[in-house]
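*Asks:* Model the full assembly from the supplied sequences, consistent with the hints where possible.
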Amino acid sequence: MQIDRLRGKELDDLFEGILKLETVEECHHFFDDLCTTNELVSLKQRFQVAKMIKEGHTYSKVQNETGASSATVSRVKRCLDYGSDGYHMIIDRMD
1 MQIDRLRGKE LDDLFEGILK LETVEECHHF FDDLCTTNEL VSLKQRFQVA
51 KMIKEGHTYS KVQNETGASS ATVSRVKRCL DYGSDGYHMI IDRMD
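Residues 1 to 95, numbered by the numbering used here, are exactly what the sequence shown covers, in order.
SDA-like, lysine to any residue: derived pairs with alpha carbons at most 25 Å apart:
1) 44 - 89
2) 77 - 39
3) 44 - 19
4) 44 - 61
5) 61 - 92
6) 51 - 21
7) 54 - 87
The hints are simulated quantities; they were obtained by calculation from the structure and are not laboratory data.
*Replies:* Structure follows, in structure tokens:
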């Protein structure tokens with residue numbers, strides 16, 4: 001896992017804090033403070049790309065609807081195929 005080299009108390013504290021958020025509105029407030037607009041746009045875009053790929057959409061449709069580059073779509077697809085199953089876990093729980 002890519003995240004293994006970052007593991008530690010500080011990262012665990014961040015994730016524990018995120019798990020304390022109870023509503024979407026609380027998430028809006030927290031992530032507004034935590035992230036820049038560009039970081040949020042990137043996170044949102046990658047998540048949309050993952051959802052669309054899982055739904056079976058073509059790369060071109062994903063790019064057109066999300067504005068993601070072919071590199072971003074490919075990177076997300078690689079994570080879906082060979083990653084830690086994080087995208088799958090969350091998207092499946094949302095269904």
